[in-house]
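Protein chains: 2
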Amino acid sequence: MRDVAIIGIGVTKFGELWNRSFRDLGIEAGLKAIEDAKLSGSEIDGLFIGNMSAGRFINQQHIDALIADYSGMASKHIPATRVEAGGASGAVAFRQAVMAVASGMHDIVMVGGAEKMTDIDDPSINSVLDATADAEWEAGMGLTFASLHAMIAQRMIHEGIATREEIASFSVNSHFHGALNPNAQFKKAITLDTVLRSGPVATPLGMFDCAPISDGAASLVLCPLEDAKKYTDSYVKVSAVAQASDTLALFQREDITTYGATVSAAQAAYKTAGITAADVDVAEVHDTYTVAGIMALQDLGLFKRGEAGKAVLEGRCQVGSDMPVNTSGGLKARGHPVGATGVAQIVEIAEQLRGSADKRQVENAKYGVAQSSGGMGSAVVVSVMEAI
Amino acid sequence: MRDVAIIGIGVTKFGELWNRSFRDLGIEAGLKAIEDAKLSGSEIDGLFIGNMSAGRFINQQHIDALIADYSGMASKHIPATRVEAGGASGAVAFRQAVMAVASGMHDIVMVGGAEKMTDIDDPSINSVLDATADAEWEAGMGLTFASLHAMIAQRMIHEGIATREEIASFSVNSHFHGALNPNAQFKKAITLDTVLRSGPVATPLGMFDCAPISDGAASLVLCPLEDAKKYTDSYVKVSAVAQASDTLALFQREDITTYGATVSAAQAAYKTAGITAADVDVAEVHDTYTVAGIMALQDLGLFKRGEAGKAVLEGRCQVGSDMPVNTSGGLKARGHPVGATGVAQIVEIAEQLRGSADKRQVENAKYGVAQSSGGMGSAVVVSVMEAI
Chain G
1 MRDVAIIGIG VTKFGELWNR SFRDLGIEAG LKAIEDAKLS GSEIDGLFIG NMSAGRFINQ
61 QHIDALIADY SGMASKHIPA TRVEAGGASG AVAFRQAVMA VASGMHDIVM VGGAEKMTDI
121 DDPSINSVLD ATADAEWEAG MGLTFASLHA MIAQRMIHEG IATREEIASF SVNSHFHGAL
181 NPNAQFKKAI TLDTVLRSGP VATPLGMFDC APISDGAASL VLCPLEDAKK YTDSYVKVSA
241 VAQASDTLAL FQREDITTYG ATVSAAQAAY KTAGITAADV DVAEVHDTYT VAGIMALQDL
301 GLFKRGEAGK AVLEGRCQVG SDMPVNTSGG LKARGHPVGA TGVAQIVEIA EQLRGSADKR
361 QVENAKYGVA QSSGGMGSAV VVSVMEAI
Chain E
1 MRDVAIIGIG VTKFGELWNR SFRDLGIEAG LKAIEDAKLS GSEIDGLFIG NMSAGRFINQ
61 QHIDALIADY SGMASKHIPA TRVEAGGASG AVAFRQAVMA VASGMHDIVM VGGAEKMTDI
121 DDPSINSVLD ATADAEWEAG MGLTFASLHA MIAQRMIHEG IATREEIASF SVNSHFHGAL
181 NPNAQFKKAI TLDTVLRSGP VATPLGMFDC APISDGAASL VLCPLEDAKK YTDSYVKVSA
241 VAQASDTLAL FQREDITTYG ATVSAAQAAY KTAGITAADV DVAEVHDTYT VAGIMALQDL
301 GLFKRGEAGK AVLEGRCQVG SDMPVNTSGG LKARGHPVGA TGVAQIVEIA EQLRGSADKR
361 QVENAKYGVA QSSGGMGSAV VVSVMEAI
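The listed protein sequences derive, respectively, from chains G and E.
The numbering used here puts the last residue of the first sequence at 388; the count rises by one with no breaks.
The numbering used here puts the last residue of the second sequence at 388; the count rises by one with no breaks.
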């Protein structure tokens with residue numbers, strides 16, 4: 001198995017981009033990554049795309065072929081593959097691409113993640129999103145993602161794992177970083193009071209506990225680590241990518257205050273990378289809801305159970321402090337175009353490890369971790385990247 | 001890169017299965033493959049699923065997690081990955097699984113393909129199917145798959161590549177084999193006259209030129225070739241899997257009587273397998289429409305351009321003759337549950353190479369090929385399997 005490097009990264013602005021199409025966004029991110037990798041598009045021999053619901057959002061399935069076509073790769077018949085795993089779609093596409101290079105089946109591959117969520121065909125965006133939860137036993141009964149996460153939050157508060165204020169502070173942390181990221185959907189720092197007093201969504205969660213609906217795309221170029229230097233001096237090593245599953249329905253778990261798939265994938269990834277959680281210098285986690293962010297910090301082993309919320313409230317996850325998390329602004333402030341998110345997380349980690357994260361730069365970051373979750377932690381990918 | 005073997009196969013009956021659910025079908029095929037491989041489900045360490053449109057057909061995305069869950073693998077947090085490439089979804093899942101084993105990232109993986117197309121949520125099945133064509137430039141203008149294929153047929157007749165009778169004979173060939181396959185949706189042999197006199201769909205194609213709407217699932221178990229003997233004596237080698245893309249829209253092709261992606265994938269696959277088209281003993285091709293079957297025979301190099309139709313009409317593609325094709329009954333007679341089809345084709349080739357195809361058995365088959373197409377040949381996978 002060959003080692004793999006990330007040699008190019010590209011990301012669009014995230015937001016409600018009414019005047020941008022799905023195709024348009026995907027191509028912008030792809031071209032940026034190709035330019036960043038200092039190669040020509042004709043050198044790419046494979047394409048992996050993460051997308052949740054183009055079939056419903058824009059009535060277009062088969063977007064693997066669409067992206068290959070519109071990026072000019074179809075004429076060369078380059079294979080293009082779409083994967084879907086709800087919110088983890090982009091991260092799963094990344095894993096497939098790493099596998100393709102590691103196996104030797106491909107040499108230079110592009111990973112793309114994209115979603116167009118505003119300006120859509122489908123009448124109910126929630127019905128599309130809820131289709132990544134258990135349609136038969138949970139979503140079909142009226143349990144939205146917000147209410148499922150609210151139940152987790154209630155349980156965490158009940159068990160004394162985190163207070164309402166600690167959970168809310170995750171949003172403050174994300175917005176703090178969003179204000180430093182020119183591509184973020186929300187570039188405004190907020191106070192704890194703003195989160196606590198925001199309109200109720202599902203008790204105890206309010207509007208500012210929830211990631212927004214967004215349009216956007218992100219892209220990566222990968223090649224064998226041994227070839228990376230031929231293209232660029234600015235690359236990072238992919239030390240591990242691990243994926244794990246859990247029950248689709250939340251009610252079937254023994255403990256809803258932890259995602260077993262995150263724990264399992266993190267352990268596998270750390271083992272492959274030869275590190276422990278203590279070695280992680282910067283992390284991007286899947287904060288669709290504040291409470292999911294807190295859980296991720298615990299499940300990744302970055303903080304002990306019961307201590308993550310306190311750490312976030314104390315500002316320890318801000319850049320400049322000891323465990324910077326979601327320096328991109330996270331899903332909450334950078335935005336959450338579902339299929340793009342998992343790829344955008346890797347882009348941010350690569351920026352940090354290359355030292356190109358500008359105002360959000362974590363000093364001397366050696367190891368970065370990205371955690372991406374589909375459904376209620378039903379599919380989780382944990383990736384470890386390493387500065388070279 | 002490790003060599004890969006298919007050690008287990010499973011397929012459900014295909015048809016309008018009103019009393020079977022998506023979950024139910026997926027599990028049946030999976031359990032059959034596990035039993036066939038003579039291992040226990042707990043030995044599987046990865047799962048790859050091909051599915052086109054569960055998000056629209058049954059309002060359930062994220063079916064990777066769903067299948068992992070319902071097959072009892074979620075509790076062990078086994079990674080599960082869903083891929084989508086329109087009609088090639090199952091074949092692309094197979095390719096990802098081969099890559100996973102070849103790279104060493106996984107040891108024993110299951111591939112599943114499933115689709116539930118009757119008894120569905122979405123009001124218009126054609127709108128779902130057409131979403132795998134180009135939504136913006138073709139499907140959105142009212143061009144259905146049937147009319148796109150009809151244009152290809154008109155052009156082939158116009159250019160003298162095949163006559164109407166030769167095109168129609170592909171359906172006779174599929175039904176001839178369907179009558180021998182207990183799992184086929186249509187188990188009745190038909191005459192050329194039946195096809196030619198069937199109700200018009202899009203001139204010149206009639207009802208019997210078109211594959212049906214079906215429910216069904218198929219499954220495979222893969223492992224490294226060197227380990228196959230530990231489990232079973234009944235396995236086949238995966239000699240090559242190649243994938244290629246083309247433009248999403250048909251109108252952008254220079255020549256619509258050939259699929260460049262099939263030609264490209266076939267050449268790559270033969271090269272990797274170290275064979276030529278002349279070595280192929282049995283083939284399964286993607287006959288959503290009769291004309292697509294004829295094209296595939298030419299694009300795979302099994303017959304010269306202009307000779308495939310004649311060969312089919314003369315019965316040369318029937319079992320017992322020199323180039324048996326679609327011995328399963330193909331998409332037309334076995335049925336076409338979209339996500340399952342690509343996997344079911346590999347199941348049939350494995351049956352032939354293992355010598356377990358019963359009344360459909362091709363004598364002394366050494367090399368078998370499966371060709372699977374998404375959209376209008378926008379994503380094509382060609383796989384070569386070899387008897388051991």
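Hints were generated in silico from the structure; no laboratory data involved.
Small disclaimer: the values here were computed from a predicted structure and weren't measured.
Keep in mind that the hints are not guaranteed to be accurate.
If chains are identical, the list can't say which one is meant, so a pair holds when it fits in one copy or spans any two.
Below, a list of computed lysine-lysine pairs in the BS3-like style, where the Cα atoms sit at most 27 Å apart [claimed, not checked]:
#	residue 1	residue 2
1	K230	K188
2	K76	K304
3	K76	K271
4	K304	K230
5	K229	K187
6	K366	K76
7	K230	K13
Do the hints match the structure? See the list:
1. K230 to K188: neither (40 Å within a copy, 60 Å between copies)
2. K76 to K304: between (51 Å within a copy, 23 Å between copies)
3. K76 to K271: between (39 Å within a copy, 17 Å between copies)
4. K304 to K230: neither (42 Å within a copy, 43 Å between copies)
5. K229 to K187: Answer is neither: 35 Å inside a copy and 59 Å across each miss the 27 Å cutoff.
6. K366 to K76: Classified as neither; 38 Å inside a copy, 31 Å across copies.
7. K230 to K13: Answer is neither: 29 Å inside a copy and 52 Å across each miss the 27 Å cutoff.
When the structure is compared with the earlier hints, violations turn up for hints 1, 4, 5, 6 and 7 and for no others.
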